[in-house]
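> Make one complex out of these two single chains by using the hints.
Chain residues, written in single-letter form:
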Amino acid sequence: MVFENLKHRPVRTLLGIIVISIQVTMVLALVGLSEGTLSDQANRARGVGADIVVRPPSSSVISLSGSMPAKIADRVAREPHVKYAVGVLQHGSDLFNYETGLDLQKFNQLSGGFRFLEGGGFQHPDDVIVDSFYATQHKLHVGDTVSLLNKPWHVSGIYEPGMLTRVVVPLDTLQDLTADSGKITTVYVKLDDPARTDEMVAELRGVLKDYRINSMEEFTSLYSVSNVPMLKEFTWVVIGVGVLVGFLVVCLSMYTAVLERTREIGVLKALGASPGYILNILLRETVVLAIAGSILGILLSYVTRFVIHNVVPSSLIQAIVPEWWPIAAAIAVVGALLGALGPGLKAARQDAIEALAYD
Amino acid sequence: MTDGQPMISIRALRKTYHVGEVDVHALRGVDLDVQSGEFVAIVGPSGSGKSTLFHILGGLTPPTSGTVHIAGRDLLGMSDAQRTELRKNSVGFVFQKYNLLPTLSARDNIEIARDIAHKNGPLDPQFVEVLKLLGIAGRLDHKPRALSGGEQQRVAIARAIVNHPAILLADEPTGNLDTENSNAVLALLRDLNERLGQTILMITHNPEAASYGHRIVRMRDGHIE
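Those protein sequence lines, which keep their order, are chains Y and B.
Residue 1 is where the first sequence starts when you use this note's numbering, and the numbers rise one by one after that.
Residue 1001 is where the second sequence starts when you use this note's numbering, and the numbers rise one by one after that.
One chain only, chain B, in its complex shape (with noise of 0.2 angstroms):
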């Protein structure tokens, strides 16, 4: 990516899925860019195509047409490996449900993201500065049944960051969280925006969720309105 070039760069973004013998059209021509360091919205009815959306951003699904650049890297045209090559090093994702592994400690729910991304060795200073403005520092050896729904998605925060990637992108990451923890999550979310010009995509149905992003974007039927 060179210097002035938005992080993210969508143009005409089609997606197609083939069900049975029809074609559902979720994406029909999307245009977007996210400069690097914003944290952008995302809101819209279900069905409008923000998850799926989501789901080409994170190299989950290959685009159907259009063009699609983060930091630099078209994502037409890219095998699965390549894909999972993003992922692993791109992109780190926030769910609704948090999806920490259930077997694993906090701890070790981090260390797994590095560890499929080949980084050993001690966390990086930034990073353990990170987990203190979590305020996970503490709990980092419960497994998640151990721990609040709260604490339990500021580890999948954690584990979303570790490895720097270039967009986080959150899937309604309060979805699930009462309005303190809520508040919480969007504070610290925020809060890693400001401190480490993190870009961040978030999905929410919420329009005080929406409105701790820097911008708004409205989604309906496949179209940015």
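If we strip away everything but chain Y, and leave its shape as in the complex, we get (with noise of 0.2 angstroms):
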């Protein structure tokens, strides 16, 4: 009957679906992208082939606040085992964007290099080299003319994605001009034994007080949701919304079939069927709509993660989050039960006899 119900009105039942699954969509698609964004800085950061990170006692866990004298990293350097210790410095507006300056010899020598797509390093101060997302994201090849921190810039190559960052420029041009000149915001350091990075990394916290000091694995897991100041917050607003919207979807929803099948409800209670019985059914119904809502809004997360990678490859990355599809179900079950229990109730109290009476 539940199935014979909702075929019945199938315009109503595919909207009711569709909107169902828009929001099982927002709630994947956030997550999806909090997450692939996070794994995504966490995955460069980790291109650079470091072992250890050193920032600067002001900073966050993740933020790009704070920095440091660049003579830290030839600190770092005189230590023993210590292979490279290459100073950078990150300049952006947030988290997700931001120009890395760096001396690109000694970069190299740490990281292995660039692998340049098209074009090569920059061979005077207003040269840029971006990675080939931004390069796509921003349609921009080598030769071209960017305005960063505004001012012009020359892209003087491409690069493969998977390197510390999206955006790289001399660092003495960043320090002019961001006004931090002879500062750094992060030291990578390459030992010449990884084996010992724990010890490395206890000899520098002894040696560098109160610097933010952590092996590359360790650094590397701070990327995530829970590091991202207000992140969380906002997921769970998204879930709220999520849940608020079912609600009123469903509620409506079942409220216009409640109200047309008075009637039939009036039929139904004419058999014997009790108030649970008839609420049964109407829940029924729900949850099955709020399940195909769910499958519907689990293959669109495909559908925006498609979107995003081919408009903002750059900005954002959307990971698919199989771990929340019953969550982000769940949600839109509650929200839609919770929309079906006030029309639910309404029927199951209806009074049998002006029921029948119903056109």
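Treat each hint with caution, since some may be false.
When the alpha-carbon atoms are kept at most 20 angstroms apart in a straight line, the in silico EDC-like pairs for lysine to aspartate or glutamate are as follows [stated by the list, open to error]:
1. B:1097 <-> Y:354
2. B:1132 <-> B:1080
3. Y:7 <-> B:1108
4. Y:346 <-> B:1080
5. Y:7 <-> B:1111
6. B:1097 <-> Y:260
7. B:1143 <-> B:1194
8. B:1143 <-> Y:260
9. B:1143 <-> Y:4
10. Y:209 <-> Y:79
11. Y:7 <-> B:1141
These aren't lab readings, by the way, just hints derived from the structure by calculation.
Since this is a predicted model, take the numbers as computed values, not measurements.
Here it is in structure tokens:
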């Protein structure tokens, strides 16, 4: 009966499923964006090839706030077992879009170098190199001019993504432009023996008191939703909005369904159906709607990933998050059930004689 | 119910509806006995109390005062849940507008009555015979919209008796049918009464339809004449 009722009103059923699916997609896309972008950041940090990361005392967990003297890199380099210590300056308005200033020669020694798809490293102070995602999103090629930090830059190279950042400029130029002369935000450290990482982290913590010093493994593990300020709260707000939307849509849909089916409800009561039996039918219909909406929502999250990847590949990365599928579905089911409860109880309490007389 | 007792026994039955600040006395002291296996036609003008009597007998609304016994069970003082049980197990309804569930096939319309009464498993052979008698055995997989009025009413009759109710209440069962289908439905009701001993109460405005019953009860102004 549940499926027959839903099939009998295909347009309303389809609209209900679509709205619920949007709610599910919204949750999956947001969580996927958070996890995908953070995971991409962590992968790019790993791509540097460093063993240890040194950040200023005032820096928060993964933000770019705070800077330290560039000579800290030299101080670190003097420690035993340190093969390379390269300071970089990262500057940006937010976590996901920032420019990195570095000394290309030193950085190449540590990382093995950028793999260029077009052009090569910078030759002039106003040269910039970008990764292919950034180039695609901004339609850039070698020789083009791009505006960054309120000044034009000449694109000298486009490299394979997966290394540190999407936009790289000469360290000195960035320091001058951002009034950070002689300052850096991060020191990447490569050891002669990676097995000594823990030992050297302890050693450096002793030398550079209050600085934030982590192994690359620890550092990348910090790229989690719980470490991004307000992201968790924002996710909960979106989930709350999702539940509310599901609640309202299903409430309205079921209210009209109950009204349309007043006579049928009267017939069921005349046949001896208890209020619980009638409520059960409506709630089961709602669960079917919510599950169908959830499945469609999961499929749509692949569509949003495709769109994001093709429209803003350098800004946002959306991961597919199967571990959130049951959570998003549960949110949809709960919102829908809450929405169906009011109309369902109205139907269950309907006076049979009035219902049978309804036209 | 013990032997010799009527299937339906009604004494001094009153029903008063409160409509706003006005009391409407729909039944003003009805006395009626219906024996098991009897086919009774109830006639009377609109507002005479026929439908209210049906609603009380069907457990759709409680009486205000008096006594009503169906198969030995007293309806006065029954809770909503007890009246729901009564509808489930002891009463079958046939309506003027058929009232089949439009989303379900004829078969599922019958099955849902069994489902509500928690009766599962195959149909009993006696009921299969009834389906043949009703002439709808070949139409069970059709939705109501694909059935004629006469076929829909025959499905409704099958649904009403599938759980072997003590009484079958038919409210203007031929009111929406042409003469040919009316005669067929009335003949079927009489057949069911004769073959199965099904107790039937039928409301009708049509004297010809009333003549199918063993007895005609006339109502006026909330009384039985």
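> Hint by hint, note whether the structure agrees.
Against the structure, the hints:
1. B:1097 <-> Y:354: OK: residue 1097 of chain B and residue 354 of chain Y at ~15 angstroms, within 20 angstroms.
2. B:1132 <-> B:1080: The given pair, whose Cα atoms are some 36 angstroms apart, is violated under the 20 angstroms limit.
3. Y:7 <-> B:1108: holds (15 angstroms)
4. Y:346 <-> B:1080: Measuring from Cα to Cα gives roughly 16 angstroms; hence the hint holds.
5. Y:7 <-> B:1111: holds (19 angstroms)
6. B:1097 <-> Y:260: holds (16 angstroms)
7. B:1143 <-> B:1194: violated (30 angstroms)
8. B:1143 <-> Y:260: holds (18 angstroms)
9. B:1143 <-> Y:4: holds (11 angstroms)
10. Y:209 <-> Y:79: holds (15 angstroms)
11. Y:7 <-> B:1141: holds (16 angstroms)
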